[in-house]
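Q: So you can see what is in the structure, the chains are spelled out below.
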Amino acid sequence: MDLRDGQTQPILDPNQPTHVYHLALDIGGSLAKIVYFTKDDDRLVDVEEGLSHRKALEKSNGSKQYPVLNGRLNFKKFETSKINDCLDFIKSMKLHIGGRQPQENPGSQPIVKATGGGAYKYADLFKERLGIILDKEDEMDCLVAGANFLLEVVHQEAFTYMGDQKQFVQIDKNDLYPYLLVNIGSGVGMIKVEGEGKFERVSGTSIGGGTFWGLGKLLTKCKSFDELLELSYRGNNRAVDMLVGDIYGGMDYAKIGLSSTAIASSFGKAISDNKEREDYKPEDIARSLLRMISNNIGQISYLNALRFGLKRIFFGGFFIRKHPFTMDTLSVAVNFWSKGEAQAMFLRHEGFLGAVGSFMSSDKHGLKELLANQVAQRSPRKLSFAVDKILHSLPDGEFNGDESIECSVYAA
Amino acid sequence: MAGSVEGEQQQKQVLGLIEEQKLQTQESENNHNTTGTQLESGEGEREMTPTAASSMHRSGSRPQLDVSKAEIQGNEEEKYPTILLPNQSDDLSHLALDIGGSLIKLVYFSRHEDQSADDKRKRSMKERLGLSNGNRRSYPILGGRLHFVKFETRKINECLDFIHSKQLHWLESHYSDGVTDQNGIIKATGGGAYKYADLFKERLGVSLDKEDEMDCLVAGANFLLKAIRHEAFTHMEGHKEFVQIEPNDLFPYLLVNIGSGVSMIKVDGDGKFERVSGTNVGGGTYWGLGRLLTKCKSFDELLELSQKGDNRSMDMLVGDIYGGLDYSKIGLSASTIASSFGKTISEKKELEEYRPEDISLSLLRMISYNIGQIAYLNALRFRLKRIFFGGFFIRGHAYTMDTISFAVHFWSNGEAQAMFLRHEGFLGALGAFMSYEKHGLDDLMVHHLVERFPIGAPYTGGKIHGPPLGDLNEKASDRDWKFLTYAVISWMEKFLQKGTEITAPVPMTPLAGTTGLGGFEVPLSKGSTLRSDASALNVGVLHLVPTLEVFPLLADPKLYEPNTIDLSDNSELKYWLTILSEHLSDLVDKAVASEGGADDAKRRGDAFARAFSAHLARLMEEPSAYGKLGLANLLEMREECLREFQFVDAYRSIKQRENEASLAVLPDLLAELDSMDEESRLLTLIEGVLAANIFDWGSRACVDLYHKGTIIEIYRMSRNKMRRPWRVSELKHVGAENKKSPRHKRALLFVDNSGADIVLGMLPLARELLRRGTEVVLVANSLPALNDVTAMELPDIVAEAAKLIFNLDVGPLGNIVPGKFTMGSVKYEGCVKMSYIIKEYGQNTPYVRLGQCCLIEFTFKHCDILRRAAEVGGLLVDAMINTSNSSKENSSSIPLMVVENGCGSPCIDLRQVSSELAAAAKDADLLILEGMGRALHTNLNARFKCDSVKLAMVKNQRLAEKLVKGNLYDCICKYEPAS
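Here the protein sequences line up with chains H and D, keeping their order.
The end of the first sequence is residue 412 by my numbering, with every number in the run present.
The end of the second sequence is residue 979 by my numbering, with every number in the run present.
Hints are computed from structural coordinates only; laboratory data are not their basis.
Incorrect hints may appear among the rest.
Partner residues are not named here, just some residues of chain H that face chain D (Cβ under 10 Å, in silico) [stated by the list, open to error]:
no.	residue
1	Phe89
2	Pro110
3	Gly163
4	Asp164
5	Gly185
6	Gly216
7	Leu219
8	Asn236
9	Val240
10	Asp246
11	Ser288
12	Arg291
13	Leu306
Beyond 10 Å from chain D on every Cβ pair, some chain H residues (computed) [to be verified]:
no.	residue
14	Phe168
15	Gln170
16	Thr211
17	Phe267
18	Arg307
19	Arg321
Just so it is clear, CB atoms sit at the ideal spot from N, CA and C, and this is done for glycine as well.
For reference, chain H alone in the conformation it holds in the complex (with noise of 0.2 Å):
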């Protein structure tokens, strides 16, 4: 479940020919997320034919949709302090040149969409080496169109992950809104969603992703994120923690309902005289931190999801990367912040939702051009998906991070 250092092949079959059409960037504070979109080598000439297939349509059933485009949605994430790893993929793949040339001024620079913080910081890096110019797209508005995309669109991208159980929940595209959409990155933010492209961040916290790699980097001697990840799992938090035991004597204090169990003090117990950093393990110490950290974003989540009267939290981002215990404590925080009557959910894409958003924004991506180069005549109003399949980059069939979605786009 690492990041394979240095990987930069593409996980569609590098000798099936692939024409790239576009590219979107999420630049986070540790983490750097690309969507780019390739459409099917055998498709491509079907432009025409689809636009055909559309008139046919229209002629059966009214309807106003024709397939245009059929491909797949491929993602990739890089960590930010490698940014020159992204760099070079994007090199590599020549995802920044592909399928789309400015005609109106040729000999401009191409321009990639891109959102996150890096957008802007590594705007100056991404023109010098690759020539392209980012077009910052607003961090939120992605987020949200994003999680929009994958909840309409995708099949069972939500579900919910209690003690071990995990259980997609489809969700009646009717009655998603509003929710309250969770994004743990290295921060978190809360935002509620009412609608395409009706939102407002509410809320946030900045104890999130940022937080639990930066201590435990201090804390272990882990080198990765999926490190101290895997660490916190064999770890026991009680060897750091205060629990209301350790205050009560071993004894619940049921009146206000909190089980000998319950961690009173995170870290509360590494105040020992006699105990160095190094006389704890670090297993226990990234339990420790990720309880901490996942049990606070569901309380918080949880509190805001109430005062706005919202029924559902789904939570994404890239810290929680699938991790079974990271959503475990989360869902429990919510569980029992609610008491029983809020659940948290999350989402198969977790980490891209911006990089998607950003792909997705509306007509200004780059489909809508390559289109229009493709059917000269006409400028389609409006593109929207459809998933044909997931193919997985893993046997194990879970979303790693580095995968395709097979779609067809539509136009309308």
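With the hints as your guide, set chain D onto chain H.
A: Coordinates of chain D only, in the frame set by chain H:
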């Protein structure tokens, strides 16, 4: 001396009386209930009686009053001196504990009635005013003091030693059937109450009675918020502001207790509450993570580090992500923390390469913000308008409070405010204390509480670092109460040794003798250091004084603010602190001289100077360290500090000298006044009051003046030079009022200084009022402050003014002829018609030997009014006996009375006055407040339910400019009709 023989007899008498009641009272080994200074100083000096031995002793003895070490307190010539029974124990609860994960908080009560002499005069006054006679049982609340002490839990032995050394664990109930040999039970809360129960049993032989933590927290918070006027405050961007909360408008509120973990409790009333939330990211997380990440050895050390930190090297800020730009769309500035510790991810640095200061600050901000946020969300959820943060994590640490406040402000868009409690950390212990059936705090009201900040508290009261009393083994030598003074010195020596390190935030110049004090220096940077004992000094000793009442004539007690000058203005504060500092060496000289100037006095003088300088320095650094600070508090603190160092009355001899000198010229003045017509007399009287108010040792300008002439010279100069019109001149109303409307029934005269001020200023005015048929009550201080006259001294002064008893060296009796006599260098010729009586004293009188000098008692005609009124008012106790027959004709006369105001400060806070004064005020319809302290520094803007006159000479240039845009020595006469 005859007096002492009498005294002994009385002592026996009184003891006899008490012995009759001994069956109700119990013998006890313990003696920490005694007078204030003794209590403060003597504690911990007691022998540590082995537990077993003392219980054996007790069980074998019949219950009886322990009169060992009983002593007469106060002036032995008093007819009924107070008898001190230091070994008297009472059936009250002393001690309660809150044993938390990292700190032990201890609240204990020491019994202490404010011991003012209950003499015949006072009792007759009380009868006259309809007060019951000092039976403390008539008060629902016990007088005494609440002490707050804390220890680190891992050093629990220090706590046990402390309790043992003070014998605080002996608190078994004394039932009338004499069953006393049960083991002590101490109320305790916090997790440690379970964990350390065995240890307490083993070491102290007491059982911990566990009280529910939450119950205690809430009870403690409710008590503090209702009983202490300025318990709550807000803290934003380094600025502390006290909030006064109406007890009726307190509920519901959210109480956030930040201990190792955090509990959030919705409080709806006394005993009505619910834990609605909490977080495991609390003080323990800060300390735990901090310990792992830094090499800090204590919580305080970690906290102090944070002061010097810069979290930008650890935290990922919005600006770091957005390349220095704000993410203004969602209201995030570039300096907002996007991810706590997030910056460490992208850096190739080891832990050791980060500054521990930065780590500590980043941790602190992370945890504080988080708590603030969750607290706000919960307050919102339950629609609670107030959020109080308490618990030990805060520790009065400005930055912690700022971050929490910021979080609440930020997340609520400025709609909610975080509030803090001065006694944070002690909520649980206080609540545990209140869980005793008889805790004596029932019905306690705001005005019953006075908070004092003895500098010795960390020594006598224990503190968090080091053994509270130094080496506890050194007690054996100085355990005897006889060596009380020695005992005082012993903790004071410790203070002197450690004084600089512990209490002085700024370096003080070395002491050179008593007077070479450097005073205080303004710290270079404000609040830049966090001293570990800061909170120890922040929490004072709570004096429970059930006799205090709100002055009933205040127009609106809720709106009343005693202080005229707002010391939250920094320049104002600086100015007054400088004034006090400059005045200090002079004061120390006086204080030392007043105690005879012996070595002991000099040492105490040094200690006082250091202590007071430390107070001043502390206040300069943190003006609200002791709560809301007004000039009145500052001036009172000086007096309290003097008292703490056993300087009972620094101006004693000066007052005496000035009284005598003034009394000598009083007849002249009265004769002069009596020769005037009514209108000009009134004017002259008011002028006289203002002129005589120049004699004020509290004023630097006046002290300088004293070197230039005698009292009467200054007085006359002052009267002649008096500029008219006065700055606030509404005198004509006083006169008009007096003429037209029915006479005032009773006037309360709040008097100021001794000497000319009272004798030549206020007494003649009192006389005039009496002459007009108005009852006069002179209101004076209970305890000495500067050269202010006290209620104890007043009867004598009045008596002398009325009777003029002089011990004259007149040689042969023939020298005195009607119409003139010579006294000292002053010649009285023709100004009096002498209706004097010459008494010859027999050989058995110790005072006069026949033929050489004699005691002459005569009454000037002009003093008749005063004399009669004083007799009626019960001031002339002897005269009442001597002239009981002849005074019958005067029985319908108008009385002149004296009451104490309940204060020991040059100023007066009318929200807390003696019950005597409150009773006297009930029939009063005229108030005259005199002097800077009571009429300018405080109460200038106070409105009353009856007519009032404020009279003072402004003896401070700055004050003159500020209050009346005038000059030094301007006079203020402000008449206000009843509002």
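Q: Given H:Phe89 as an interface hint, is its Cβ closer than 10 Å to any Cβ of chain D?
A: violated (19 Å)
Q: Let me know if the C-beta of H:Arg291 comes in closer than 10 Å to any C-beta of chain D, holds or violated.
A: H:Arg291 check passes; min Cβ-Cβ to chain D is 8 Å, inside 10 Å.
Q: Double-check H:Gly163 for me: the hint is only fine if its C-beta lies closer than 10 Å to a C-beta in chain D.
A: violated (20 Å)
Q: Let's test the interface hint: is any C-beta of chain D closer than 10 Å to that of H:Ser288?
A: holds (9 Å)
Q: Evaluate the condition: distance from the CB of H:Gln170 to the nearest CB of chain D exceeds 10 Å.
A: holds (31 Å)
Q: For the restraint on H:Asp246, tell me whether the closest CB of chain D is nearer than 10 Å.
A: holds (8 Å)
Q: Against chain D, does H:Arg321 keep a CB gap of more than 10 Å to every residue?
A: Non-interface label stands for H:Arg321: nearest chain D Cβ at 15 Å, farther than 10 Å.
Q: Since H:Thr211 was said not to touch the interface, does its Cβ keep a gap of more than 10 Å from each Cβ of chain D?
A: violated (5 Å)
Q: Please check whether H:Leu306 passes as an interface residue: C-beta within 10 Å of a C-beta belonging to chain D.
A: H:Leu306 check passes; min Cβ-Cβ to chain D is 6 Å, inside 10 Å.
Q: Quick check on H:Asp164 please, does its C-beta sit within 10 Å of some C-beta on chain D?
A: violated (23 Å)
Q: Given a cut of 10 Å on the nearest C-beta pair, is the interface hint for H:Val240 held or broken against chain D?
A: holds (7 Å)
Q: The hint names H:Leu219 as touching chain D; please verify it with the least Cβ-Cβ distance against 10 Å.
A: Check passed: Cβ of H:Leu219 comes within 6 Å of chain D, closer than 10 Å.
Of the hints listed earlier, those the structure fails to meet are numbers 1, 2, 3, 4, 8, 16, 17, 18, in rising order.
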